[in-house]
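*Asks:* On the provided structure of chain A, position chain B as indicated by the hints.
Spelled out from the first residue to the last, the chains are:
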Amino acid sequence: MTPQDYTSIGFLIAKVCIIMCMILYAIYAWIMVRQEQLMSKVLAETSEAILRLLTIIHLAAAVFVIILALILL
Amino acid sequence: MNLLTSFARTPKSLRFETQEKQEVIVLFLRQHLIVLVPWLVVGFILLFTPTILFPIVYRFLSESWTIPAGYMIVGTVFWYVLTFGFILSKLLFWFFNIFIVTNERIVDIDFVNLLHKNISETQLERVQDISYKTSGILATMFNFGDVTIQTAGEMPNFIFERVPKPSEVVDIISDYAKLKNKKHL
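Here the protein sequences line up with chains A and B, keeping their order. Quick note, in the numbering used here, the first sequence goes up one by one and the last residue is 73. Quick note, in the numbering used here, the second sequence goes up one by one and the last residue is 185.
Pulled out of the complex, with its shape left as it was, chain A reads as follows:
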């Protein structure tokens, strides 16, 4: 095996690890959305819509970064 082969295997392992981390983070972002929904049942307040929007944007960003990683890495 040439040094280039070792480098490409190293990058492949790094890519798999990074994407796995991103998937776990996207699950965490989804839990955040769910928790916000559950808590808003406990407390009904007008400004919750802003928080809900922020949690959804966060989830969308977490999914977007996975797609970006799949394209660029």
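A few of these clues could be false.
Stated by the list, open to error - Taking lysine to aspartate or glutamate pairs in the EDC-like style, the calculated list, with each CA pair at most 20 Å apart, reads:
(1) B/K183 to B/E20
(2) B/K180 to B/E168
(3) B/K183 to B/E104
(4) B/K182 to B/D171
(5) B/K178 to B/E104
(6) A/K41 to B/E17
(7) A/K41 to B/E121
(8) B/K21 to B/E104
(9) B/K90 to B/D110
(10) B/K180 to B/E104
(11) A/K41 to B/D108
(12) B/K12 to B/D108
(13) B/K183 to B/D171
(14) B/K117 to A/E48
(15) B/K12 to A/E48
(16) B/K165 to B/D108
(17) B/K90 to B/E161
(18) A/K41 to B/E20
(19) B/K90 to A/E48
(20) B/K183 to B/D129
(21) A/K41 to B/D110
(22) B/K133 to B/E161
(23) B/K180 to B/E121
(24) B/K178 to B/D129
(25) A/K41 to B/E23
(26) B/K180 to B/E20
(27) B/K21 to B/E121
The hints are simulated quantities; they were obtained by calculation from the structure and are not laboratory data.
*Replies:* Positioned in the frame of chain A, the structure of chain B alone reads:
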């Protein structure tokens, strides 16, 4: 009421899960906004880290091997998503840690973490003693402190931590507890 309200007397646009029809919220509390400042500072530092730290790391690593541009782009974007998530989780934690006083009872809603919440309550007639404590320069400057409510029987004590205007909170709860006890006599 807005997103950053931490003290409100008789809020109109608010209801909680177990609220009865005749029950009126007389006091709504969250921790003082000052508790968010350390997290905002950390968030601010994290926000500027890629512009300072990443070029140094890149320069250090590029001596031995080159990092493809894709990794740099994805790494930077993911860093900002993590920073946003960090600030958002702290905001959620603050937003859903609530103390509510109604004309019937005291409700403490604790959002412990993303997977665990805790809701405890006690009737106003069970309130035996109520006190507050402010300690430190910040607490004195911004008028916030811990309010401790001792309840009768085996009920655990309620501690409202770092709430704004603690003396006013004590006055309001005492008044309503006395009123409730008079009704019962």
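*Asks:* Straight-line Cα separation of B/K165 and B/D108 no greater than 20 Å?
*Replies:* 17 Å, holds
*Asks:* Could you grab the alpha-carbon distance between B/K133 and B/E161 and see if it respects the 20 Å cut-off?
*Replies:* OK: B/K133 and B/E161 at ~10 Å, within 20 Å.
*Asks:* Taken at face value, is the distance from the CA of B/E20 to the CA of A/K41 at most 20 Å?
*Replies:* Holds: A/K41 and B/E20 sit about 15 Å apart, inside 20 Å.
*Asks:* Tell me if the straight-line CA distance from B/K21 to B/E121 falls inside 20 Å.
*Replies:* With a Cα-Cα distance of about 17 Å, the restraint between B/K21 and B/E121 holds, given a limit of 20 Å.
*Asks:* Taking only the CA atoms, is the gap from A/K41 to B/D110 under or equal to 20 Å?
*Replies:* Satisfied, since the Cα-Cα distance of roughly 14 Å is no more than 20 Å.
*Asks:* Does B/D129 sit within 20 Å of B/K178, going by the straight-line distance between their CA atoms?
*Replies:* Holds, at about 11 Å.
*Asks:* Can the restraint linking A/K41 and B/E121 be considered satisfied, given a maximum Cα separation of 20 Å?
*Replies:* 17 Å, holds
*Asks:* Below or equal to 20 Å on CA atoms is what counts here, so check B/K12 against A/E48.
*Replies:* 15 Å, holds
*Asks:* Can you confirm whether the C-alpha distance between A/K41 and B/D108 stays at or below 20 Å?
*Replies:* Holds: A/K41 and B/D108 sit about 15 Å apart, inside 20 Å.
*Asks:* Take a quick look at whether B/K183 and B/E104 sit within 20 Å of each other, Cα to Cα.
*Replies:* 11 Å, holds
*Asks:* Please work out if B/K180 and B/E20 have their alpha carbons no farther apart than 20 Å.
*Replies:* 16 Å, holds
*Asks:* So if I understand the rule, the pair passes when the alpha-carbon distance is 20 Å or less; does B/K180 with B/E104 pass?
*Replies:* 8 Å, holds
In the structure shown, no violation is registered for any of the earlier numbered hints.
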